[in-house]
Amino acid sequence: DAGITQSPRHKVTETGTPVTLRCHQTENHRYMYWYRQDPGHGLRLIHYSYGVKDTDKGEVSDGYSVSRSKTEDFLLTLESATSSQTSVYFCAISDYLGYTFGSGTRLTVV
Amino acid sequence: ILNVEQSPQSLHVQEGDSTNFTCSFPSSNFYALHWYRWETAKSPEALFVMTLNGDEKKKGRISATLNTKEGYSYLYIKGSQPEDSATYLCAFMRASGTYKYIFGTGTRLKVLA
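These protein sequence lines map, in sequence, to chains A and B. At position 40 of the first sequence (counting the first as 1) the number is 51 in this note's numbering, and the numbers step up by one without a gap. At position 17 of the second sequence (counting the first as 1) the number is 19 in this note's numbering, and the numbers step up by one without a gap.
It cannot be assumed that every hint is accurate.
Unchecked claim - Lysine-lysine pairs mimicking PhoX-like chemistry, simulated, CA-CA at most 25 angstroms apart: (1) 44(B) - 102(B); (2) 81(A) - 102(B); (3) 102(B) - 59(B); (4) 68(A) - 22(A); (5) 102(B) - 68(A); (6) 102(B) - 64(A); (7) 112(B) - 44(B); (8) 61(B) - 44(B); (9) 60(B) - 44(B); (10) 22(A) - 44(B); (11) 44(B) - 80(B); (12) 80(B) - 61(B).
Since the hints were derived computationally from the structure, they do not count as laboratory data. Small disclaimer: the values here were computed from a predicted structure and weren't measured.
Same shape as in the complex, but just chain A:
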């Protein structure tokens, strides 16, 4: 998607290891979000940011932390990955027109 990229696109990791997902935007938007998508749950908000160093928890934040040291980058860290964190993770930016989503990161914790 134009203006927002996620990396990596796919990752397999072992239980107990830390994992960091990166979201990068070129739109200079203030608001950035991390969602996870699971069958039967739709998109659930993990954390969001409303500015550099300004972040807040979403509805499923346990086991996740985020950092935003620059406007363009929003990092999501799984401090010690668990199998329940196997999911597809979407980053998003927003303006008055709505959200623009990244292409998603498929994370598998084995």
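Chain B: place on chain A using the hints.
Relative to chain A, chain B alone:
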């Protein structure tokens, strides 16, 4: 936790049929409602942003209405085509000072040729 509910969860329609689905949300402190179209293996794409009670938006064969007093929005597709097959998501924001949307679980539409 705010509940945003969509119904039905899934439906199959024949090509040429018209269809509609519902998004229900809390009716107090409304700020905005969005509709998204989400094709398999892609990212959700914004369809409509709705902010005022009575809003009606239209894009081609797809339209949406909004009732903030009773807490629902309808999405209509006229003359469904196979390329309309996707999951349709709504997302609700409350006027609470925090800029975050809560998504419904989506309606999965399959249009049969």
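Hint by hint, which ones does this structure get wrong, listed from lowest number up?
Hints that this structure does not satisfy do not exist here, as all of them hold.
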